[in-house]
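K.L.:
What follows is each chain in one-letter form.
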Amino acid sequence: MANEEIRVNKTDSPTSEEVVTIRQKTKQALRRFSRKKANLIPILQKVQNHLGYLPREAMLEIAGFLGIPPVDVYSVVTFYNQFRRHPPGRHGIKVCLGTACHMKGGYITLDAWRRRLNIDVRQTTPDREFELDTVACVGCCVMAPVTVVDDKPQGKVEPTRVDGILLAFKLEKEGKKTQ
Amino acid sequence: MKIAERPAVVSAFQEVRNQALERWQALWDSGRPAILVGTATCGRAAGALEVLQALRDEVKKHNLDCPVLEVGCLGHCYAEPLVIVRKPRYPAIAYGRINPVTAGRLVRDFILGDDPCLEFVLGALETNDLVPSFADFPRAQYEKRVILKDCGLIDPEQIDHYLANGGYQALVKALQMKPEDIIEEVKRSGLRGMGGAGFTAGEKWDICRQSPGRPKYVICNGDEGDPGAFMDRAILESDPHSVLEGIIIAGYTIGARYGYIYVRAEYPLAVKRARIALRQARKLNLLGRNILGSDFSFDIKLFPGSGAFVCGEETALIASIEGEPGMPRHRPPYPAASGLFGRPTLINNVKTLASVRHIIENGAGPFASAGTEKSKGTAVFALAGKVVNTGLVEVPMGTTLRQVIFDVGSGIPKGKRFKAVQIGGPSGGCIPASALDLPIDFDSLSGVGAMMGSGGMVVLDEDDCMVEIARYFLEFTQKESCGKCTFCRLGTKQMLAILDDITKGQGKMADIALLNEIARDVKAGSLCGLGKTAPNPVLTTLRYFRDEYEAHIKEGRCPSLMCPALIAYYILPEKCERSCDACVGTCTVEAISTNKKRIKVIDQAKCVKCGTCLTACPPQYSAVVKLSPPSLVPASEK
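So the sequences go chain by chain: A and B. Everything in the first sequence is counted per this note's numbering, starting at 745 for the first residue and increasing by one. Everything in the second sequence is counted per this note's numbering, starting at 60 for the first residue and increasing by one.
The hints are simulated quantities; they were obtained by calculation from the structure and are not laboratory data. Any given hint could be a false lead.
[Said to hold, decoys possible] Partial list, computed: chain B residues near chain A (C-beta under 7 angstroms): (1) 100; (2) 366; (3) 367; (4) 645; (5) 647.
[As the list claims (entries may be wrong)] Okay, the calculated bits of chain A under chain B, using three or more residues with CB under 8 angstroms as the criterion: (6) 765-772; (7) 778-792; (8) 796-809; (9) 830-844; (10) 877-887.
Keep in mind the model is a prediction, meaning the values are calculated, not measured. For each residue, glycine too, the CB sits at the ideal point set by N, CA and C.
Please model the complete structure; the sequences and the hints are all you need to start from.
P.N.:
Put into structure tokens, the structure is as follows:
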């Protein structure tokens, strides 16, 4: 994960204006919560919903709000798989690596995504169009191998289908341009 | 049994129930047809939402009076998207593998016309003279739907449907019983925790009820993290109120004021439907202050998890609700004595709580009549992997593995040979064919080194490499280890490194003994179930499939032709058809070229071993083969 850190710092660190909006949006999200530590995870989920990820500034804001050391927030954010510290891509690609998907070739599908998007797991393409991630199991084992594309689980995604999905996105984008 | 008179509760409920029944009957008895579409996550992955839209469009286009409803999962996941059509004068018929086009035909030909489209029929829900019914399927001989009774038949987002099917009657009955009597009833039923550990539910309730300290909490554990298991998801998505009812009854029994439903973050639809169910129950005063006019007040909060497998462990789950990283704590004290915020807390699995209503409503007898001596009732299994009829099935405890896989699941597809069944997720083990006649209950599988666990069953056939599956599970547990215990944190890492080497053909024979040794230490040196059971997949595969480990180590060969580093794809020149280039176009990395004789050749250096060419090669040629070890590829082609 060391590589990821470097990447994030180089290209994704927010500008000073962005910091202001991050702080504002975080404050907004905090409004309906009471200052109890038990609210930490629901707060993080809410803020991530608003911002798409949990930047450093948001974590500091939350720590201040709950009156706990920032490192406590950081430890929770890094412990759970759902929390992310880098900005999301426009399209989220999550390859299911549950048992059934794995045995039916989920790892081959993941390879195909990696190759086509030219990024590794938990990374975003430089144009922020796609991000690649894995998920432990979405419980649609009978449709294996599954890839969750923009929150919609798609069944039987094999390497050729990967190309198909990417082509559909490309056409959609070009369609928008010509309109 | 002494029943405290609470007539107010009964009459308050009767009114609610009557209204629900009226609306339910209006739906069916009005003489108009109705269509049900299974839109649980498994259906959605197969395109159920598109089918739903197509049905609605078609019904609208023809101006039909025909409601199109969303229901949950019927368990026949192999046939998703699944549509049920109810039409007067016809039995209710389920159709499988419907797409938007065939959906349109169902409306035009069956609803509008009178052709029941027999070509798409999966089965009828009731016995009749027209089409075979589910009762005629071999699986019906074993299936006994208790927990899944209404799943796939009612709209999970409408409390009316649940109420009209006997919902919340158990709660009304419970509110008139003394808590001690409820505990007695649950104890007599023999209900055991269905999350995997199998602790007697009645006893847990009793301990929790008698523990001092207030407020008490009830937590429903829906953090179904085992890859390959989806029973809890299906229940929460298909019949959330049955879980709610169980939680409320448990709350009343132990004297709790608050409850939590902890649902995995990876199940957004389950979260949504549980949330809707909570809102509806509150509206009808089945939750909240003075439930149905009684003096019992109780409310439930939904807590979506954040993606950590270890949070399925009860103390880790509690830590997570408290806003901490989900690390297990030392037990005792058990949560029943000191749990959430240090208060007595009852934690039960989704299926355990969903069983409660049946025990209270019908008494312990009917529940206890199914199952084995020590494991009563039914078990829900999620059948996935290399099996024909994948899906959910509920059978009495004690049904054998062979019956579940070959009779209910209809065996292995494509005429392949059964190799093993992986049961119980990362904590379970791989059970070989020789143990197929073992009855499945809480205790029987421990003899072969596995456990029933929560009920995920992944069937493996001859193409699945057992070393690879052991490596896969270890990779999973290693990643999900919270890092608290040294043996779990470091031991799993070392085991994974060894298995990685073996699957790459770099293993040594001494590794097998070393694996056994580390496995023993990890088991002994870990606090929670994750570490204690993490070595199971390795130990069981070593025990039953040692020859596969040896083939990897000694010959650099993967007998199942699965491990990427130990196989090569090769096109047999004598079989390759000169006029065909199906593989050339589909190769995802352009590694296939045509030689002078117009025979196709794979550039081994470019090949990424995705297997697309193998699928693309027309069956009449079958020229693409996998070879292991890769050195079998003739030197001229390397």
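K.L.:
Each hint needs a verdict: does it hold in this structure or not?
P.N.:
To see whether the hints hold, each was checked on the structure:
{"no.": "1", "hint": "100", "verdict": "holds, 6 angstroms"}
{"no.": "2", "hint": "366", "verdict": "holds, 3 angstroms"}
{"no.": "3", "hint": "367", "verdict": "holds, 5 angstroms"}
{"no.": "4", "hint": "645", "verdict": "holds, 6 angstroms"}
{"no.": "5", "hint": "647", "verdict": "holds, 5 angstroms"}
{"no.": "6", "hint": "765-772", "verdict": "violated (count 0)"}
{"no.": "7", "hint": "778-792", "verdict": "holds (count 9)"}
{"no.": "8", "hint": "796-809", "verdict": "violated (count 0)"}
{"no.": "9", "hint": "830-844", "verdict": "holds (count 4)"}
{"no.": "10", "hint": "877-887", "verdict": "holds (count 9)"}
When held up to the earlier numbered hints, the structure conflicts with 6 and 8 and fits the remainder.
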